[in-house]
Amino acid sequence: MITLLLAATLCMVEPEDTTVTLDAVTVTGQQRRDYQMRTSQTTVQVSSEFLNRNFAGSLMQTLEGIPGVKAMAIGSGQSKPVIRGLGFNRLAVTEDGIKHEGQQWGDDHGLEIDQFAIDRAEVIKGPAALLYGSDAIGGVLSLYTNHVPTEPLSGSVQIFGRTNNEQLGLSAKIGGRKGKFFFRANMTLIDYADFRVPTDSIQYYSYWIRLKDQRLRNTAGCERDGSVMVGWQGYNFHTDVRVSDSYSKSGFFANAHGLEVRLSDIDYDSSRRDIDLPYQWVNHLKVLSHTTWRNDALSAELNLAYQNNLREELSEPVSHGYMPKPDNSLERRFNKSTYTAVGSLRYEHGRHTLQGGVSGEYQHNRRDGWGFIIPDFETGSVGGFVMERCALRDNLILNAGLRLDYARTHIHSYLDWYATPVGSAKVYQQRSADQRRHFTSLTWSAGVNYSVGQWVMKANVGKSFRVPIPKELGADGINYHIFRYERGNAQLDPEESYQLDASVSWADDTWEIEVEPYLNYFPNYIYLSPTAQYVEGLQLYHYTQARVLRYGLEAQATCRLTAHWQLHAQGEYLYARQKSGEKKGYTLPFSTPWSADAGVKYFFDKRGDGFVGLNAHIVGRQDEIVPPEKPTDGYWTLNLSAGKSFRLKGSTALSVAMHADNLLNRRYYDHTSYYRLIDVPEPGRNVALKVGVEF
Amino acid sequence: MKNLKYMGLLMALVCIVTMGFTACDSDDDDKDMTPPDISSEGLTANPINCQEYQRGDVIPFLYLFTDNQELGNFNIEIHNNADHHSHSTEADDDDHGGSECEDDHDHDHDAEDSDAPYWIYNESFEIPSGQRSHTARLDIPVPTDIKPGDYHFMIRLTDRAGWQQLKAIAIKIE
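These protein sequences, in sequence, are chains A and B.
Read in our numbering, the first sequence has 583 at position 583, and its numbers run on one by one without any break.
Read in our numbering, the second sequence has 94 at position 94, and its numbers run on one by one without any break.
Treat the hints with care, as some may be off.
[Claimed, not checked] Okay, derived cross-link-like pairs now, SDA-like style, lysine to any residue, Cα gap no bigger than 25 Å in a straight line:
1) K579/A <-> E123/B
2) K167/B <-> G650/A
3) K249/A <-> E151/A
4) K463/A <-> Y322/A
5) K167/B <-> R132/B
6) K630/A <-> K147/B
7) K584/A <-> G149/B
8) K579/A <-> L540/A
9) K584/A <-> P128/B
10) K426/A <-> E123/B
11) K325/A <-> D150/B
12) K31/B <-> G155/A
13) K325/A <-> G149/B
14) K630/A <-> D150/B
15) K178/A <-> G155/A
16) K31/B <-> I678/A
17) K644/A <-> Y575/A
18) K579/A <-> Q69/B
19) K584/A <-> K31/B
20) K31/B <-> T672/A
21) K325/A <-> K147/B
22) K147/B <-> V358/A
[Claimed, not checked] Away from chain A, derived, C-beta distances all over 12 Å, residues of chain B:
23) S39
24) S40
25) E41
26) E70
27) S133
28) T135
29) R137
30) I146
31) I171
Just so you know, these hints were derived from the structure itself, not from any lab.
This structure is a prediction, so every number in the text was calculated from the model and none was measured.
The beta-carbon is built from N, C-alpha and C at its ideal position, and this holds for glycine as well.
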């Protein structure tokens, strides 16, 4: 926006062939301060440079260096995002402003987005319901893939790999511009073998399993992604359409999946790269249309999207209880289509910016397979918000906003495909009743940004909400992936969250210090609570609501000792308590233990094109547990990262990035990993390498 | 200059005070953090590893359940172990064999009864509330029309807080 205005001004004062001598010009960089003053929420900007430099195998692992952000490992080298301890359906992942809708509730469902198509990202560490509606209760991971090319033709090719699971990948991007038209296309191919862990055996649900060559059998997989975008970029008007498809197939760890752990006839150990039963595959298709129109004071934006998430989970059929052995291996299948429309208007007048928007989403989900976990459902929601930002002075900005959402869910009834003897009759049990629920939520947020001298301070207070998902309302069946019976609760109210967070930062030429505390209260947190009951031979977990209090903080400090040397330290702490209900006094599942990082970086030259960094990551012991967790010992690891880019002929550049984790090959457990529950340690020494050519 | 120093200090103070208040509650002293226990202490437990039964027999199940606060319920499951998978919860299971009992028959004689299905037993039982210790006594009749062979006898026990304990025993049905 500013660049356009600047360009326009320069054009108007172009002199006619005269020589003008300019005095030395001092340019003061205010980029960091300006970014922080843009919003009163705690946000972190992730540039493409950061993504390139910190490449660590998968998007979430690359982002893990940001304080407050975690990658929850789910097996097969994939991870789910977690911000300040909240993830699953309490975190919204958006791609170009549209919420990504898959089956986020699943413990072993990864993020179906091609990480190499991402230009930049933004992490909002706190509730952002005002702009994104439901599900943004813990935070938002905003991914952007819509950088507009400026060159007639440009692109990049990257080859990458990782030693821990012998991952090999290729990603190619191309883009071009002709006049006002532009296009972009990209493709990514990844293959990986069974995941390696520094142990010879693991213990799962009282079964003792010996591993061959320290590998988790059947955790190999592959990923195929592609996208095409075409658009028109005018002075005031811009529109583009992007079609993307992401396909991935990965095996489930063979010995820890299924009704009964059995050593099957399948020879899992014959190959490291083959994918046998049980496995999952998922295909996510997205069609996204993005249109903006702007003039001096007014700007309008309209985003429309269609998404289809098709997921199948296959495993060897076995009988269980009264269910006879099925005649196929389709355990679960979900076909979910989501239609989204988001429109917003922004009006700038003097010191005021008024923003308003309307969004609507419709989800249609159909299930199949012999295993029941969630019913068929449709959900429709609409929401409208209005937000006002007022710059009282250049360094003091206030903002406040209000949003109203209305959602309707229709859950279909489901009857077992097999009969259960009840008394003398045989009955097809009903697992989920037909029910319709509607939810209305009013949310708000207010904040302040204040900067003076070298300080930038901001504080934000707000209320967010989350509509209970069909799994929480209508589940009634065995979750084979984790050996327990899960039952929903049709009476659940939408979750509400009140959060107060602040950020205080101070910077000069040498130092940059940031402290970000937060306080969060849920009057009705939806929690899957373990009970003392048995249903169909497995322990019953059911959904209840409780009051939950959480607070914590992140802090980081960077010191530029010299032009070449840089020191960095960061830490984070999180506390959570259930204040009522069945598990009063307990914490929440997968509570993040405190952690601290200390590192040193050496830059080869001023431009920062080449660097080497060594970092120590220390994690405290976690005794804050809920059933069925176990306490986890603290640990520390040493990690190395390095990168360099070389200028080649013309505008071509070659870049190399390397990331070596756990240099000392220490054996440790991560409390927030899904695999912790089956005593699987984290990977040992693991090196990720990426070589790319940009032209 | 003074103003901003005070501003910064004030913000820090507000944060610390808020956290101080919220950390002041101490209602988590009575949390149950221990799973319940399945033991054979003080009684002759049945079944034990590698115990043999005949079809038509009665398994006189006997074990002691204990918990530090309050017991929940328990479940017994018996399933076949023809594929020799193993459980690790037996104390005398030095190399985690679980399924390797001394006089392991070869399974040729199973061919005679190949029509008979494997025995599948899965029953849950309640424990009276408020108990910290419970001697579980149960007579489980072994059906006659099942396939003999190696079986696993699994005990699952919960406590009131939702912790679960497991025990797996290898048995033989003749």
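Against the structure, the hints:
{"no.": "1", "hint": "K579/A <-> E123/B", "in the structure": "violated, 35 Å"}
{"no.": "2", "hint": "K167/B <-> G650/A", "in the structure": "violated, 69 Å"}
{"no.": "3", "hint": "K249/A <-> E151/A", "in the structure": "violated, 36 Å"}
{"no.": "4", "hint": "K463/A <-> Y322/A", "in the structure": "violated, 46 Å"}
{"no.": "5", "hint": "K167/B <-> R132/B", "in the structure": "holds, 19 Å"}
{"no.": "6", "hint": "K630/A <-> K147/B", "in the structure": "violated, 39 Å"}
{"no.": "7", "hint": "K584/A <-> G149/B", "in the structure": "violated, 47 Å"}
{"no.": "8", "hint": "K579/A <-> L540/A", "in the structure": "holds, 22 Å"}
{"no.": "9", "hint": "K584/A <-> P128/B", "in the structure": "holds, 23 Å"}
{"no.": "10", "hint": "K426/A <-> E123/B", "in the structure": "holds, 19 Å"}
{"no.": "11", "hint": "K325/A <-> D150/B", "in the structure": "holds, 21 Å"}
{"no.": "12", "hint": "K31/B <-> G155/A", "in the structure": "violated, 58 Å"}
{"no.": "13", "hint": "K325/A <-> G149/B", "in the structure": "holds, 21 Å"}
{"no.": "14", "hint": "K630/A <-> D150/B", "in the structure": "violated, 32 Å"}
{"no.": "15", "hint": "K178/A <-> G155/A", "in the structure": "holds, 15 Å"}
{"no.": "16", "hint": "K31/B <-> I678/A", "in the structure": "holds, 24 Å"}
{"no.": "17", "hint": "K644/A <-> Y575/A", "in the structure": "violated, 39 Å"}
{"no.": "18", "hint": "K579/A <-> Q69/B", "in the structure": "holds, 20 Å"}
{"no.": "19", "hint": "K584/A <-> K31/B", "in the structure": "holds, 8 Å"}
{"no.": "20", "hint": "K31/B <-> T672/A", "in the structure": "holds, 21 Å"}
{"no.": "21", "hint": "K325/A <-> K147/B", "in the structure": "holds, 18 Å"}
{"no.": "22", "hint": "K147/B <-> V358/A", "in the structure": "violated, 65 Å"}
{"no.": "23", "hint": "S39", "in the structure": "holds, 15 Å"}
{"no.": "24", "hint": "S40", "in the structure": "holds, 17 Å"}
{"no.": "25", "hint": "E41", "in the structure": "holds, 20 Å"}
{"no.": "26", "hint": "E70", "in the structure": "violated, 9 Å"}
{"no.": "27", "hint": "S133", "in the structure": "holds, 16 Å"}
{"no.": "28", "hint": "T135", "in the structure": "holds, 18 Å"}
{"no.": "29", "hint": "R137", "in the structure": "holds, 18 Å"}
{"no.": "30", "hint": "I146", "in the structure": "holds, 15 Å"}
{"no.": "31", "hint": "I171", "in the structure": "holds, 15 Å"}
Violated hints, in rising order: 1, 2, 3, 4, 6, 7, 12, 14, 17, 22, 26; the structure is consistent with all others.
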